[in-house]
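Q: Going line by line, the protein sequences match chains A and B. If you use the working numbering, the first sequence corresponds to residues 1 to 301, in order. If you use the working numbering, the second sequence corresponds to residues 1001 to 1132, in order.
Bear in mind the hints are in silico, worked out from the structure with no lab data behind them. Just so you know, even glycine gets a beta-carbon here, dropped at the ideal spot from N, CA and C. There may be inaccurate statements among the hints.
A few chain B residues facing chain A, derived, Cβ under 8 Å [what the hints assert, rightly or not]: (1) Asp1023; (2) Lys1026; (3) Phe1027; (4) Ile1037; (5) Tyr1039; (6) Tyr1043; (7) Ile1045; (8) Thr1051; (9) Leu1058; (10) Ala1060; (11) Gly1072; (12) Trp1076; (13) Ser1078; (14) Phe1080; (15) Gly1081; (16) Thr1083.
When the alpha-carbon atoms are kept at most 35 Å apart in a straight line, the in silico DSBU-like pairs for lysine-lysine are as follows [unchecked claim]: (17) B:Lys1008 x A:Lys220; (18) B:Lys1102 x A:Lys220; (19) A:Lys229 x B:Lys1026; (20) B:Lys1105 x A:Lys254; (21) A:Lys81 x A:Lys116; (22) A:Lys241 x B:Lys1021; (23) B:Lys1008 x A:Lys85; (24) B:Lys1105 x A:Lys233; (25) A:Lys220 x A:Lys116; (26) A:Lys229 x A:Lys161; (27) A:Lys183 x A:Lys241; (28) A:Lys81 x A:Lys161; (29) A:Lys116 x A:Lys85; (30) A:Lys237 x B:Lys1121; (31) B:Lys1008 x A:Lys229; (32) B:Lys1008 x A:Lys237; (33) B:Lys1105 x A:Lys219; (34) B:Lys1105 x A:Lys229; (35) A:Lys237 x B:Lys1026; (36) A:Lys255 x B:Lys1021; (37) A:Lys237 x A:Lys183; (38) A:Lys161 x A:Lys220; (39) B:Lys1105 x A:Lys220; (40) B:Lys1105 x B:Lys1008.
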Amino acid sequence: MILDIKDKNGFVFEEIGPVRCSIEDMVRWAGSCDDFTNFHYEASAAQARGFRAPVINGPWKAMVIRNLLNVWLGSEVKTLKFSIKYLDTDFVGEEMYMNGRVIEVISDSDDFVQLKCEIKITNGEQKVTTEAHCEVQVQAEQISEIPMARLLEVLEIGTPKGPFVYEIAKTDVERYSRVIGKKNPTDSEFVPTTFFGALDPIERRDLCVDDFLLELPLKKVGGGNAFNKVVYKRPLKTGEKISVTTTYVDAYIKKSGNRTLLFRVRENIMADELGIQVAHSRNGHVLAFALPSLSGSEAVK
Amino acid sequence: MGEINAVKGERIGPLTMVATKTDLVKFAGSSQDFNLIHYDADYAISRGFPTVIVHGFLKAGYLAQMALEWAGPGAWFSEFGATYRGVDLVGQPILCWGVVTKAEKDRVEVELWTENVAQEKTTLSEGVIQWQ
Chain A
1 MILDIKDKNG FVFEEIGPVR CSIEDMVRWA GSCDDFTNFH YEASAAQARG FRAPVINGPW
61 KAMVIRNLLN VWLGSEVKTL KFSIKYLDTD FVGEEMYMNG RVIEVISDSD DFVQLKCEIK
121 ITNGEQKVTT EAHCEVQVQA EQISEIPMAR LLEVLEIGTP KGPFVYEIAK TDVERYSRVI
181 GKKNPTDSEF VPTTFFGALD PIERRDLCVD DFLLELPLKK VGGGNAFNKV VYKRPLKTGE
241 KISVTTTYVD AYIKKSGNRT LLFRVRENIM ADELGIQVAH SRNGHVLAFA LPSLSGSEAV
301 K
Chain B
1001 MGEINAVKGE RIGPLTMVAT KTDLVKFAGS SQDFNLIHYD ADYAISRGFP TVIVHGFLKA
1061 GYLAQMALEW AGPGAWFSEF GATYRGVDLV GQPILCWGVV TKAEKDRVEV ELWTENVAQE
1121 KTTLSEGVIQ WQ
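Chain B with its partners taken away, still in its complex shape (with noise of 0.2 Å):
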């Protein structure tokens, strides 16, 4: 079990993330997501998007992946929930933040957000991380 100095009130990153198309490709194919808002621009722009939009999933994949790269070695979520709020273009830097919610003998829970260029909160996340 990894050792949990975790307090409420600690702050976790901030992480900058720049999905690239390719990213966005890679993406898809590994998660099997082939919604072709992710990388056809003329689509997206015909369901009402400026260009290609960076997969809702692949926040989420950035958030909980930065709060276990902060938890520690063993770290798992035994709980996670993301809420899209905004939608985060492809090229554009997605500033990821945390912040501990509560912190208890072997469980943390942690609120975490995504942040674009205009300081516009696009993903709500939050979890409870454990230790394996």
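Looking at chain A on its own, in the form it has when it is part of the complex (with noise of 0.2 Å):
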């Protein structure tokens, strides 16, 4: 999540609740921190020390609330400074309800705003048991273009991945050629000529590097696959074991109408048991964004 969090002072975060810390959570904690103190876990140990069930450990609801951060302004926001009050004892299985709000716009810029927070802790009876105050770096607005550095960061472009080994299923294939509209879908050993689309690591999920890019506050306006082109050296057949190497050649975009479309292209060699080439891709991606500005068309490459 990026915000657009400009003149928030007194923006208040959607409260989160009831929340109930479990006795799994608290022994996860301990070992987790080496703290085996054993009334955060142990009822009886609880009891004998007065309370009436496991306390919850402070810094577990510190750990919390750092991580409410995250959910509130966006897994890149950055903690400069923190402070935690315990007013009072949560305990193990009861209610706790987490609330904030922004009390300071300390700085703001083109890229950044430094914000004071509050974050509190109310139990079921609507007591603060916990008070903390934080000062956060957040990402200013909503992006308004693709992050190009970063996708060119995690495409590594010109670096080959895999291989990946794929037996080439006669079931697979029959499955295929029927819904594609063969005749007579067990007439041929050579597999469909679309086939290969079926061996690309990136259409089969088993590489997957740009997914962050369906999670950029952008509006989507459609995408998939731009082009497909391959060459044959010879057609492949059911029951092969094909080795395919992925590399990312290209990645730009370019302006149609009001649409920025973001391509990704790669490239993939086939080769089969033998190590020989078989056949050779070419592979084109693309995600279509609605983006408030940006002209022209841009290579990036």
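Dock chain one against chain two, each of which comes alone in its own frame, and use the hints as you go.
A: Next comes the structure, spelled out in structure tokens:
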């Protein structure tokens, strides 16, 4: 999430709750931080200390609050200062509600906003048990451009990935053949022309490098395959094991009407079990965005 | 080797295909392309489509298969390419066409395309057919 939080003094985050901490949470916490103080996870030990139930660790609540900043402000929020006061005890199994608000916009630039936030945990009786203050740095506004630098970094253009080895299963080929309208799906050992797409680690999602594009706070207006081209040395056959190496070779943006089209182009080398190249394909995926600005055609390679 | 009697300008098709949602799921399963835009309408809408859309590779598959059925036994594409110019929606007719652009002794070059109900070309394809 990337917020447009400019002039948001007093902005109130969405309340989260009721949240109930479990014994398992406490045991996991004890295990992860080597704090085995037993009144945090053992009812009898808690009662012996005068508590009605196991007591939630203060640092656990601090961790929850810091994670909440990511929920409210996005995964790229950077915490600059953090302080917390434990005003009362919270107990395992009992209700907690998390509330937060912006109490000051400290600074505001084109890229980042620095905020002071206040976060409170209240119990089921609406009593504040925990109060935290923090200063955070947040990406300033909704992005208006595709983050090409990040994309190029994850695509690693020119770097082969794989090989991914796929066996061409007879049942897959027969099903595939039926769907594309082959009259006699079992009459040939040759696989359908377009089956090279079924041997593509990107299409199969065995290789996922640019999923973040779909999470960008930009309006999506379509996309999918843009083009595919294959050159075969010979037909592929059912039962073969094919090794596929994928290399991203290009990424670029084009404008089409009011849509901004982001292309990612990859090439696949397919080889048989002897290591002999049997096919080479070039494939383009496109994502279409409606961006608030950006004109012309910008090649980025 | 199959017999080649094709001449330049010879028409291939037309063939009308209608991809049902079941077809799209079957295609997803056999091609391992489980992108939600092909079978989850809510997700497809969130991505800017009116509903689920037909896989580009499925449309290309229609075209290639139509041409191979036309070419006869032993035919295979040594080269094949497709460019997707528009989306086709589940349940809507897809008209497949082709034409021979070059005919030689042992190879034929073809152009193929799909049209939607508005007669817009949504897939442009070309390839080289040879005979085993």
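Q: Determine for every hint whether it applies to the structure shown.
A: Status of the hints after comparison with the structure:
Below 8 Å, beta-carbon pairs count as interface contacts, and aspartate 1023 of chain B has one with chain A at about 5 Å; its hint therefore holds. A least Cβ separation of about 5 Å between lysine 1026 of chain B and chain A falls short of the 8 Å threshold, and the interface hint therefore holds. Among the interface hints, the one on phenylalanine 1027 of chain B holds; its C-beta lies about 5 Å from the nearest C-beta in chain A, closer than the 8 Å criterion. At a threshold of 8 Å, the smallest CB-CB gap from isoleucine 1037 of chain B to chain A is about 7 Å, leaving the interface hint in force.
Taken as an interface hint, tyrosine 1039 of chain B does not check out: its beta carbon lies about 13 Å from the nearest beta carbon of chain A, beyond 8 Å. Checking tyrosine 1043 of chain B against chain A by beta carbon gives a least distance of about 10 Å; that is not within 8 Å, so the hint is violated. Here the hint on isoleucine 1045 of chain B is broken, as its CB sits about 10 Å from the closest CB of chain A, past 8 Å. Against a cut-off of 8 Å between C-beta atoms, the interface hint on threonine 1051 of chain B is violated, since the closest Cβ of chain A lies about 12 Å away.
Restraint check, leucine 1058 of chain B versus chain A: the minimum CB separation of about 7 Å is within 8 Å; hint holds. Checking alanine 1060 of chain B against chain A: minimum C-beta separation of about 5 Å stays under 8 Å; hint holds. Annotation: glycine 1072 of chain B was flagged as interfacial toward chain A, and the flag is violated, the nearest CB pair being 12 Å apart, outside 8 Å. Among the interface hints, the one on tryptophan 1076 of chain B holds; its C-beta lies about 5 Å from the nearest C-beta in chain A, closer than the 8 Å criterion.
Of the supplied interface hints, the one on serine 1078 of chain B holds, with its beta-carbon coming within about 5 Å of a beta-carbon of chain A, less than 8 Å. At its closest, the beta carbon of phenylalanine 1080 of chain B sits 5 Å from a beta carbon of chain A; the interface hint therefore holds under the 8 Å criterion. Using the Cβ-Cβ criterion of 8 Å, the hint placing glycine 1081 of chain B at the interface with chain A is satisfied: the shortest such distance is roughly 3 Å. A least Cβ separation of about 4 Å between threonine 1083 of chain B and chain A falls short of the 8 Å threshold, and the interface hint therefore holds.
For the proposed pair lysine 1008 of chain B and lysine 220 of chain A, the alpha carbon gap of about 42 Å is over 35 Å, so the pair is violated. Note on lysine 1102 of chain B and lysine 220 of chain A: the hinted pairing is violated, with a Cα-Cα distance of about 40 Å set against a maximum of 35 Å. Note on lysine 229 of chain A and lysine 1026 of chain B: the hinted pairing holds, with a Cα-Cα distance of about 23 Å set against a maximum of 35 Å. Distance hint between lysine 1105 of chain B and lysine 254 of chain A is unfulfilled; the C-alpha atoms sit about 41 Å from each other, more than 35 Å.
Restraint check for lysine 81 of chain A and lysine 116 of chain A: the C-alpha separation of about 9 Å stays at or below 35 Å, so the hint holds. Only pairs whose Cα atoms come within 35 Å are accepted, and lysine 241 of chain A paired with lysine 1021 of chain B is accepted, the gap being roughly 30 Å. Pair hint lysine 1008 of chain B plus lysine 85 of chain A does not hold up; C-alpha atoms about 83 Å apart against a cutoff of 35 Å. Between lysine 1105 of chain B and lysine 233 of chain A, the direct Cα distance comes to roughly 19 Å. Compliance with the 35 Å bound is thereby established for this hinted pair.
Note on lysine 220 of chain A and lysine 116 of chain A: the hinted pairing holds, with a Cα-Cα distance of about 33 Å set against a maximum of 35 Å. The suggested pairing of lysine 229 of chain A with lysine 161 of chain A holds, with an alpha-carbon distance near 19 Å, which does not exceed 35 Å. Our distance criterion of 35 Å between C-alpha atoms is met by lysine 183 of chain A and lysine 241 of chain A, whose separation comes to about 26 Å. This hinted pair does not check out: lysine 81 of chain A and lysine 161 of chain A have alpha carbons roughly 41 Å apart, beyond 35 Å.
Taking the CA atoms of lysine 116 of chain A and lysine 85 of chain A, the gap is near 16 Å; set against the 35 Å cutoff, the hint holds. Using a Cα cut-off of 35 Å, the hinted pair lysine 237 of chain A and lysine 1121 of chain B holds, with the two alpha carbons roughly 32 Å apart. Distance check on the hinted pair: lysine 1008 of chain B and lysine 229 of chain A sit about 23 Å apart at the alpha-carbon level, within 35 Å; holds. With a C-alpha separation of about 30 Å, the suggested pairing of lysine 1008 of chain B with lysine 237 of chain A holds against the 35 Å cut-off.
Taking the CA atoms of lysine 1105 of chain B and lysine 219 of chain A, the gap is near 52 Å; set against the 35 Å cutoff, the hint is violated. For the hint pairing lysine 1105 of chain B with lysine 229 of chain A, the CA-to-CA distance comes to about 24 Å; that is within 35 Å, so the pair holds. Between lysine 237 of chain A and lysine 1026 of chain B the CA atoms are separated by roughly 21 Å; this keeps the pair inside 35 Å, and the hint holds. A hinted pair counts as satisfied when its Cα atoms are at most 35 Å apart, and lysine 255 of chain A with lysine 1021 of chain B qualifies at roughly 32 Å.
Distance hint between lysine 237 of chain A and lysine 183 of chain A is fulfilled; the C-alpha atoms sit about 18 Å from each other, no more than 35 Å. Our distance criterion of 35 Å between C-alpha atoms is met by lysine 161 of chain A and lysine 220 of chain A, whose separation comes to about 28 Å. Simply put, lysine 1105 of chain B and lysine 220 of chain A have alpha-carbon atoms about 48 Å apart, too far for the 35 Å limit, and the pair is violated. Proposed proximity of lysine 1105 of chain B and lysine 1008 of chain B is supported: the alpha carbons are some 12 Å apart, at most 35 Å.
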